[in-house]
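J.: Based on the sequences and whatever the hints tell you, model everything.
The chain contents come next:
Number of protein chains: 2
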Amino acid sequence: MPVSADNLTAKGLRSRAKIVDAAARLVLANGAHGATMEAIQQEAGVSASQLYHYFDNKRDLLAAVIQASTEVVLANKWLRDMRSLADLRAWRDAVVDAARETGCRTGCPLASFVEDIPDTDPDLLDLAAAGLRRLTSVVTDALTTMRAAGELRADADVHRLALVIVTAYEGGMLVSRAQRDPAPLEAALDAAVAGVLAHAPSEEPRAAPSG
Amino acid sequence: MPVSADNLTAKGLRSRAKIVDAAARLVLANGAHGATMEAIQQEAGVSASQLYHYFDNKRDLLAAVIQASTEVVLANKWLRDMRSLADLRAWRDAVVDAARETGCRTGCPLASFVEDIPDTDPDLLDLAAAGLRRLTSVVTDALTTMRAAGELRADADVHRLALVIVTAYEGGMLVSRAQRDPAPLEAALDAAVAGVLAHAPSEEPRAAPSG
Numbered sequence: 001m002p003v004s005a006d007n008l009t010a011k012g013l014r015s016r017a018k019i020v021d022a023a024a025r026l027v028l029a030n031g032a033h034g035a036t037m038e039a040i041q042q043e044a045g046v047s048a049s050q051l052y053h054y055f056d057n058k059r060d061l062l063a064a065v066i067q068a069s070t071e072v073v074l075a076n077k078w079l080r081d082m083r084s085l086a087d088l089r090a091w092r093d094a095v096v097d098a099a100r101e102t103g104c105r106t107g108c109p110l111a112s113f114v115e116d117i118p119d120t121d122p123d124l125l126d127l128a129a130a131g132l133r134r135l136t137s138v139v140t141d142a143l144t145t146m147r148a149a150g151e152l153r154a155d156a157d158v159h160r161l162a163l164v165i166v167t168a169y170e171g172g173m174l175v176s177r178a179q180r181d182p183a184p185l186e187a188a189l190d191a192a193v194a195g196v197l198a199h200a201p202s203e204e205p206r207a208a209p210s211g
Numbered sequence: 001m002p003v004s005a006d007n008l009t010a011k012g013l014r015s016r017a018k019i020v021d022a023a024a025r026l027v028l029a030n031g032a033h034g035a036t037m038e039a040i041q042q043e044a045g046v047s048a049s050q051l052y053h054y055f056d057n058k059r060d061l062l063a064a065v066i067q068a069s070t071e072v073v074l075a076n077k078w079l080r081d082m083r084s085l086a087d088l089r090a091w092r093d094a095v096v097d098a099a100r101e102t103g104c105r106t107g108c109p110l111a112s113f114v115e116d117i118p119d120t121d122p123d124l125l126d127l128a129a130a131g132l133r134r135l136t137s138v139v140t141d142a143l144t145t146m147r148a149a150g151e152l153r154a155d156a157d158v159h160r161l162a163l164v165i166v167t168a169y170e171g172g173m174l175v176s177r178a179q180r181d182p183a184p185l186e187a188a189l190d191a192a193v194a195g196v197l198a199h200a201p202s203e204e205p206r207a208a209p210s211g
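Residue numbers (full-length UniProt numbering), protein chains in the order written: chain A, 1 to 211; chain B, 1 to 211.
Some hints could be false.
Chain B residues, not near chain A, derived (Cβ > 10 Å throughout) [claimed, not checked]:
(1) K11
(2) K18
(3) D97
(4) E170
Label pairs and their calculated CB-CB ranges [said to hold, decoys possible]:
(5) R80/B to D155/A: 35 to 41 Å
(6) D155/B to D155/A: 27 to 33 Å
(7) L74/B to R180/A: 17 to 23 Å
(8) V72/B to D157/A: 29 to 35 Å
(9) G45/B to W78/A: 48 to 54 Å
(10) R153/B to A200/A: 18 to 24 Å
Straight-line alpha carbon distances no greater than 35 Å define the calculated DSBU-like cross-link-like pairs of lysine-lysine that follow [what the hints assert, rightly or not]:
(11) K58/B to K58/A
(12) K58/B to K18/A
(13) K18/A to K58/A
(14) K18/B to K77/B
If you're looking for bench data, these hints aren't it; they were derived computationally from the structure. Glycine included, every Cβ here is placed at the ideal spot set by N, Cα and C.
T.: What follows is the structure in structure tokens.
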């Protein structure tokens, strides 16, 4: 019977985290199915008995990886610091720069799970969905702050705008990853940011040419 | 040595297509790694020797599935018929309706491959990327037709707008699939369509052809 994370010593927590990190790396590179327990064990540098001390089976380990991946996605500094339209643009630049630096080799870890989890395991899919919901919720909060500060109009549907940003991020990452080219990601994020800016209070009633 | 598709009889082509279809269904449900050769054989209702008559190994079969999936994506009637902004809206509605009908259970088959193919197999990833490029190219052609007809301004960057549409589609499908909820897909596609409409000649002549 594997031990619950709640009952671990500091050393145990570190060992468990090492295994989850190794599993996350392999899942990101090879998909959830491609990452075998054996490969994860090797990548983490632990014995099989250590691995199974912490996780009953691969499914439990995948659940831990999805939860850890959610925290990684949400820990993004530009996302956490997003309070203004300028911050939104800074996040956009940071995402594109990061993609360029890695040659668009890494996708969103949550997306791997969505595409990779068998339909027969709705609980794991729910965990990935919950991660995406939390991401959307962080962006919604940021847009709510901008709206309260008057950067967005009072009638701006911040939840819907957050969905536009999150889907643009996911779709942009996915297509850029496939093509090893940051252009799709850039186009997606620029369009999403423009969609948000369209809800800024008009400087002037947006240049109606009729005079 | 498996036979090339070029040298097959009509019956052989049908058998091969049956295997590819079965593999495609399993990949869509369980990811590329989750679909084992044994499961594919069962799903297709063929013997192992038949399976290996057509495909040397799983990699060859996956390549065939990616190519077949590309054709499925491109065969979408609303995509093929897209010539006008009204057609673009009709495509948006058809995509959202289809997602709603299936309870958002199916994703874009090309996306499964992008998230699921090991980084160690760049050739398969290239096939998925080529599929996404063809999709982008079909949308670019449609937008070029709209621009030529005066529905979009002469300075509209149709390739970039096509990237916005394709990434919105992919990201929307992915998040909606995870959450079993069409709202993210709707928000993504509406924003992308609005992004295209922003390149229409001006706000005024949007009412009707002036005659």
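J.: Which of the numbered hints are not met once you compare them with the structure shown?
T.: Those not satisfied come down to hint 4.
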